[in-house]
Every structure is written in C-alpha cells, then in structure tokens.
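Chain L: place on chain U using the hints.
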Amino acid sequence: METKMGVYICTGCGLGDALDMDALAKVATGEYKAPICRQHAFLCSSEGVGQIKSDFESEGVNALVIAACSPRVMTDVFDFGPDKIMERVNLREQVVWSHPANDEDTQMMAEDQLRMGLTKTAEMQPLEPFMAENLSKRILVVGGGLAGMTAANEAAKAGYEVVLVEKSDQLGGYLKEVYKLAPSQPPYEELCESGLDKLAQEVNSQPGVTVYTNATIAEISGAPGLFDVKIQQNGGEANERAGAIIMATGSVPYDASKLESLGYGKHADVVAAPQLEAMFKAGSVTRPSNGQPVNSAAFVLCAGSRDAEHLPYCSAACCVESLKQAKYFKEANPRTAVYIFYKDIRANGNYELFYKQLQKDGVFFVRGTVTGVEDDGSGGLVVAADDMLTRSPILSESVELVVLATGMVPTSALGEPFKEQAAKPGEEDAAVPTDTILASNILNLQYRQGPELPALKYGYPDSHFVCFPYESRRTGIYPAGSVRAPMDYARAVDDATGAALKAIQCVEMVSQGKALHPRAGDTSYPEFFMQRCTQCKRCTEECPFGAINEDEKANPLPNPTRCRRCGVCMGACPERIISFKNYSVGMIGNMIKNIEVPEEDEEKPRILVLACENDAYPALDMAGVRRLSYNAWVRFIPVRCLGSMNLVWIADALSKGIDGILLLGCKHGDDYQCHFIKGSELANIRMTKIQETLNRLVLESDRVRLDQVSISEYRRIPKILDAFATRIQEMDPNPYKGF
Amino acid sequence: MADAFNGNRSILVVGSGMSGLSAALEAAEAGFQVYMVEKEPYLGGRVARMNKYFPKLCPPSCGLEINFRRIKNNPLIRFFTMAQVEKIQGEAGNFDVTVMLQPRYVNEKCTGCGKCEAAAGTEVPDSFNYGLSKVKAAYLPHEFAFPFRYVVAPQVIGTEEAAAIKAACPYDAVDLDMKAEQFDLKVGSIVWATGWVPYDAEKIGYYGFGKHQNVISNVMMERLASANGPTAGRITRRSDGGEVKKVAFVQCAGSRDENHLAYCSGVCCLASLKQATYVLEQDTEAQVSIFYIDIRALGKYEDFYTKVQSEDRVTLIKGKAGEITEDPRTGLVTVQVEDQSTGKILKEQFDLVVLATGMVPSTAVQKIPAEMAYDESGFVLANQPVQGIVGAGCVRKPVDVSASVQDATAAALKAIQATCRR
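Quick note, the sequences are listed as chains U and L, same order. If you count by this note's numbering, then the first sequence holds residues 377 to 1115, one letter each, in order. If you count by this note's numbering, then the second sequence holds residues 6 to 427, one letter each, in order.
Isolated chain U (complex conformation) (with noise of 0.2 Å):
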C-alpha cells in the first residue's frame, strides 16, 4: 500500500511545557520527511481529532503516528478503524510524567520514542484476516455425561449445531449410576433427583444436535473453524467437520483397590462410594458379607484424596456426596446408626445448611485421619483413627457397612505421557520445556506436539489463569466438567454451559479470522517465508499453543485460527521468517537501530527496555501517573509477548552501541503470569545463550537482564531501570558505538 505519513504531536497535558515540540517536529520533518506534521494543544478533543481526519480526506493521511499519552488511554477517541495504520508513541505517561521537564535527556528521550514510532509505521501493513474456507460453525462435544450432555444442550439452544460423541451404548455417564443429587434448591435440605432422564430425552429432541452412542474419537485433526473429526462408531467411522470442541469426558472413581490400608478388598463390607450408590439405586442396601440389611455405616472422607501417596488434591464433591449418602440412611430408617470420619466437612456455600440438616438428624461426625478398618470379631467392623491435632487414637462403635469416599481421577490422566521424539544425534537437545501430555486417548489430535491436551497438574488439562478459566494450551478445545478440575453435579453444569459460550464464541471469531483470548479480535497473524525456512523446528517445538505442525521434511505448516498472535514463533525463528504484518523482526530491529546513540564521550548510555505489553508496559504507564522518575537513558519497545523477543535485536541493540538490554516480563515458573505460558520463560533462555555469546565478544554478560514485574509492582520500576542503569555505567562503554 502507498502510505501518506501524518504526525500528530500533542502539547496538552504539560508536554508542550516540558518538551521543546519544534526540535520534535523538525525529527519527524526533516530526519523521516513527514509530509504532515501538526501540533495541537488538546490532541483528543473533537477539534484534534477533526483536523487528523480532515487530513485523511484532503491530504491523504493514511498512516498516522500520535505522539500524546500512552497507547492504553483514549484508544475510543483515537481509533480510525482498520484501514489506517497507526503508531502511538507515548511521551506523557512514559516520558515526561516519569523525567524532567526542559532537561536535554528527556528530550532525547522523547525525540528517540518519535524515531522509533516513526520507523514503525513506515514499515507497518495494513491487516488482512485470514479467512480459512470451509470454516464449520458446529461444535463437537466428546463425552455425554453431565457435562457434555450440559454444553450440547446449552448450545443448540443457542442455535448452533452440535455432534456429541459418547463412548457407551446411551447418553448419562455417571449420573446413569447416581440414585439422588445433593441439594441445589432452598432449603437446601432435602435431596433432589437427577433428571437425567429428562436432559437426555432433551438432548436427543434437539434438531440441532446429532448423537453418536457406542462411539469414540479416532482422530482429530486440523485447527478451530476445521476440525475434522473421525469418529469410530460399532465397528464403522464417521466423519464430521467442527470448529470447536468441548471435551467433557469426566471422571472415574478412584481405584479403591489401592486402599487396602482402609481394609478395601480385606473386608467384604467395606465398600466404595460408588458401591453404595449402586445399592441405593437398585433399592437393596445390604451387607455384601452376608445379605443382610445394614442398621450402621461408617464414612471415610477423603478415602484415597488429600494423600500424598494416592491424590493430593481434594476431589472437590465427595464430603457433600457423602453426606448425601448418609441422608439415603437416613431417610430410609432414621435410626440407622452413621458416623463420618473426616478431616475437614468441605460443605461450602449452601451445602453448609444441608451439613447442618444432617447433624439435627443425629448423624455423628469424628475429625480424625482414618489409620484402618479391622473386623471387630463379631462380625462388625471398627474403623480406627488418629485425632488430628492431639494423635490420640479414636476407635468406632462396631459398623456393618465402611464406606470409603474415593475420590475422583479425571479421565484425561489415565495414559502414558507422550514421548515427542528424542533428539537425533548431533541435534541440540531442547532447552525448551515440554508441556505434559497423556496419551489418554480420547481427543487423539493430530498434532505435532501430542495427541491431547496438555495436562497443568494431576492430569488435568485445566487453565492456569485465575481470571481464564477456560484457557485450555489448545485453541478453540475447553474441558469442561470433572475432566477439567475437580468438581460437584452443579459447578459442572456451570462449567458447561460455561464452555458451550466459549466454544460458540471460537467458530464466531474465527468465522471473521480473528484471534481468541487473550489478543481477542486481533486480525494479524504470522507469515512463513518459507524459502529461507532451515527446518530447524524451534517454531514447532516452542509455540505455547501447538498451532504449527510439521511435514515430513521438518518444514511448518502454520495453523493461523490455532494461533494466538503472541508471536513466540516470531521470537524463536532463527532465520526471521516469520511476520505480522504489524510485528515483525525486521521492524523491531528498525526500531533499535533508529535510536540515536551519542558518541562514547558525552557519556549518555543507552539502554533497551523491551517491555512485555501485557503487564510491564503497563506498569511503566502507572509509574508514570505517580509521577515516579528513573533515568531517561532507557528506549522503551512494548512487545507482544517476552517470547516474541528474537536474539537478533539484541544483537542489533549492541552492534548499534546500545550499552545494555533489560527485558521486562511476567513472572515465569510454577505459578507464571505470562498470558502465553512460557513466553517469559523462553526469553529467558534464549537470553542465557545470548550471554554466552557476549562473553565470546569480550562484552559484559550482564550487558543483557531479565527481569520479572508483575502489574502491580509499579514501584519497583524505577529501582529495576535505575539499578540497570548504574550496573551499565560501571562497566566500558559499548565499545561498538559509532561503528
């Protein structure tokens, strides 16, 4: 595209006060030839605003650089729709809130942010989504239990079209084993039924959703918007092409086989929940050892569950399951004898009041770590335990029935991991972590990087985000349901319906090639310059999402509506063939290469600040409203993503006599903030190979820094770039200035 340049300086805001705006002008004049150059003293009134659009009717402006605030504020009143290219350059928050005002390095400072907004938007394209053909906008649910029947239900009552797949010959899952639900209604006393029967009639009546029974997923391949499914059906395959997927393939009890210690598979008349529940809903509660009615029963909590030998986690629903067990006593003879043993009722919300209920009906409740369950000699079963706080041993009355309270296994972790394969000799052996993924067999994806979902913790493919639950690591694909962390009967339809939305929402965005969260609506993606591509697969291995697969070559097949736009590929590529049209390698390493470097003897360092937009970049702006200052040696570029980070610009930082590099990202490690994952992480370690080099080239390692901050911790700015900056003034420096 032929582009016009127009440069919008505003003086508002005390900028005009503390910068000289003509010697600003002049760089956007006379060094980069802007062929419109306007100040205005209230850039973001209607009048300014009017003048830049007036620009666009008569004089052509098309790619427009405003140098104001930062790029976080006023988007409404500067946003010019899609057609025109434009660049902020941030002078307030970053430049002069934070530096002061009428001093010669602020005014570099902010003559350096115009170079670098300058070179940006000369070299930015306009975007064009990509649009995929033969985008389906149906939804394949896999799994038709409570969850999965939830989210197909939920969507087709939304107008989309849903495949739902389920493994066994009828819709239901483990509801199909449940006699009653705990309560959800006030007074939050008395059980409910399931209404299975009545989801499942709704599910198989609604038009838009086709159910295959006695089927599972052979095959997944493809990308949101054109997943194509195979699905294995009474011997036969059937194909169905979807644009998102919701995986609600739920959870299997506990192996009770495993808890021996608690007298499981010793003693006849210790049961697992789910025996129990058999018997309650066969109507014929006895005692396996002799047929015989129970007239006692004791509970084990956590049977198997908060034990680092079995689960460590807590299985969520089995307190309020067993209480709701305990009521089935209860109601059917209410002098039946029933004791829990616990280590803490997890009856939260309204469950409380039926854990209320249930002490009134005279269950008793014991707060110990069960140690066995032995035959009392009499036929009879006594359950020991340890007080937990004293250690004291508590020993039961003699019960005729222990039911052990197993708790849940989602069925994704139940599979080998996947092996990617061994690097072959003479490869580098990837630094790059690798994500866990079990071959569970229920997605099967064909991607490169493994056939499912990779798992967060305990095998459950479950989101890291607080804020994001539905964050799968696969695009357009949401566990929903006891799969995706533990969960009772009602969060489970929540979580659902929940997913459905999403799910709905993926086949829309992508219908109009846009990103998902977190860069939601974003139309740029990557490009491939394949010509120069050396097949070295640092893109397929390290992109958070596994949106590239490989041929058989090695080379990248790109997904774009599996992308997320972070541009980790961007960052990873060797060679930088990979593009936005907004981002690229290129363009960023223009950016450096357009900031002045004084000469060695004015002693003015220069440092790099590349800033993760999502959260340091921010917490440069709030610095800024608190008016805290640091050096004004610092250049700052917001990039997508700390992982979008390519070695070469540190490379053209240095080369260029830039003294130092500091990289500001999220927090990496267990409990990481980075919105891609490992963004932060992979900068990391591509910065550790960049140290090695620098010590090669006789420059000091630490020339180059990561440093993690977090949002909120704005005031650590400036003692992080002042710190930086003092560490780079005691060394040489860059001896490569003025090459």
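Here are the simulated DSS-like pairs of lysine-lysine, each with C-alpha atoms no more than 30 Å apart in a straight line:
id, chain 1, residue 1, chain 2, residue 2
1, L, K191, U, K890
2, L, K352, L, K216
3, U, K460, L, K114
4, L, K352, U, K719
5, U, K1043, L, K77
6, U, K719, L, K57
If you're looking for bench data, these hints aren't it; they were derived computationally from the structure. As the structure is a computational prediction, the values presented were derived from the model and not from experiment.
Only chain L this time, still in chain U's reference frame:
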C-alpha cells in the same frame, strides 16, 4: 443513546466486577451487543481492590488489564459508570430498562492530567480504600482506573473550591452543572452481576469490630497489603501504625452461623491463607494464627493450603473464636478461643486480628427491580418466574474469582439464549 445499539438482541450486564466484566466480554466476543452498567466511577468491582489472588498470588490488575483491553478493542460493548438500574419492565427479548446516571462532574474531555486534583484542598473518605484513607475532592479513583477519568466529589459542589477545580482544568472537562439523569435502554436480556458486600462485622458484637482499632476485616486487609492502598502496602497496627509481629485470622466471622449468615461463604478460608502469606512475606519474624472450624480448600486449592500449612510461622487452631478484647493502653487485642483438639480455653494477644467476614450477596441489600425469586439469604435462584434475567457470580452463590468467571460465562449464554428465543 445511539438507537442502533438498542434492541432485542442486545444484553444488559449490571455490575462490572469479575462476573459482570466476564459476562459482558464473553457475550460480546460471541457477537452480541452488550451494555454494561456500573455504579462506581470505574470498572472492575471488588477485585480491583484486592492485592493478590489465591492460589497463584498474582495481582488482579493483570487480568483486569487484559479485560479492559478486550473492552477497548470491542465496539460491541458500551458501558456506563456511576450508573444504576432503577426499573425493569417487559419480558425476555423485550425489556425496557431505566438507568439512573449520577453526576461525575467531569466529562469525556478529561485527559487525566491531574490539574484538578492539584487545585482541590478538601479531602473526602476514599471509598476505594474502605475509608481507611482520604482523597482530594477531585480524584482519580485509583491509578489503574478504567476509564482513566477524574471524579469531583459531590461534597464540594457549590463551593468556591469547586469553582477553583473547574478553573484549573485546561480542557473544560469539569462540569459542575451536571445533574443526575435518567435514560432508557431496550434490551433482550439481562445479566445481574452486582456481586457481594462484606458482612457487617459490627453485627458480631463480641469481636469488637468498629470498637477495637486493631480488629479489621479481610477486605480491609487487602487494602493494607496493596501497594496502592492507604499504607502503600505496609500492613501495620491501625491503632498506632506499629509493626505487626503477631496476626490472628478469625474464620467464619459471621458465616456458618445461624445468627448471622447460615451458609459458608466459600472463599474466606483461602483468602485468610493467602493473607497469611502477606504477613509472612512482609516480616520474616511475624507469626500467624488461624482459628477455624474446617479449612475448605476444594480441589487443587489443597496444594495451596498444604503449602501455607507447612510454614513454621503459621499455626492453625481448630476452634471458633469467642471474644476479642482490647488492652486500652496498648491497643493490642486478645482472642479467646476453645481449642477443640484439647478442649482448653486459649487466650492470646495479637497486634492485629483479621476477621474473615463472609460474603453477602448484593441482592440481599438491594433487590433487582423486577419480579425475581431469591433464597432466604438473598441469593438469586436459578429458576425464575421471569425469563431473561439471569444472576451471575456472587449474587447466585458465594464463589471465588475463577468460579465467578465460569458462572458469568454460563450466565452470558443463558442471556444469549433468551434473546434468541423470540
């Protein structure tokens, strides 16, 4: 109002905390037009006032930043701050909603430059900090505030100071003649996500909240620990600003108690475990005691519980705190509690006692102006006589942040279905 935006297929979201924001964004990103109405001058609700989230101990502003960016990039969302819904009429697919807008006294010309603040002298209680500090009568609600726009406090309207504030603005952004105004919206369905309020701890007389300065609530603790809070993140004694070496957390302050809140508030256990980490991190010698009935750390939160429990400086004592007394001389506070494991009565003195006050659904305080069904505690029921108005988040049940997002996403779909049903 732009009429093109009104209509049967649009959705009104009331409240812009975690639930409201999520419901609005999830619906808008699925292609639906959304209005969001927020009573505060900024979006973000109660989470904006939190220091960190459990179990990751990450800052809420991180997720809010992403959500605000999603709003900025999505033309389908329009929002109104300082606005409340007064009246709802009609039915699913065709609601008439009356919204009352309170005057901000600052218009859209505001650039956030801060000149008005410099011109203001009067200080008013800072509601963002639960009144723990004061702000100038022309103020930015907080530095992450979205929209990034000042507010003039109604207390100074009509004074000379207000005129000075107006005169200080170079952009004609201060409008002292602003009046409360009403407008109507036509929408197809409504998500009600007005969140929760902390249980009024003064009602638990024997804990001395409101009397003893060093007895505070858990929401106040969040502000004290926040870098943008009244003490710049330093947790100190309220009585004299002294260092806190011993802090007690009293769980179920109001919750699980038929005289107060019969239900369990679901999040306070984890919130206190989290706040215990604030104390430990701030001072390597500080000690924490947590008095509890049960520790309810569902699912993978168990890992967080295990981690905090394993800290030497954290003591967990099973027992419901009875009475809290104050030494009038030192301001130190003593918690009396029966340790259920030993049966002994413990009496221990602390610098600070944090009451883990529970959640009260906002709908218990202010009902939805429509025919709606609630339970005895004021939670909005799932099944309603009127279709098309859906509760989301803590108005439906006490939930944590992740569960609010899930619930709000589900509510957004229900709202979408209600607009489709016509």
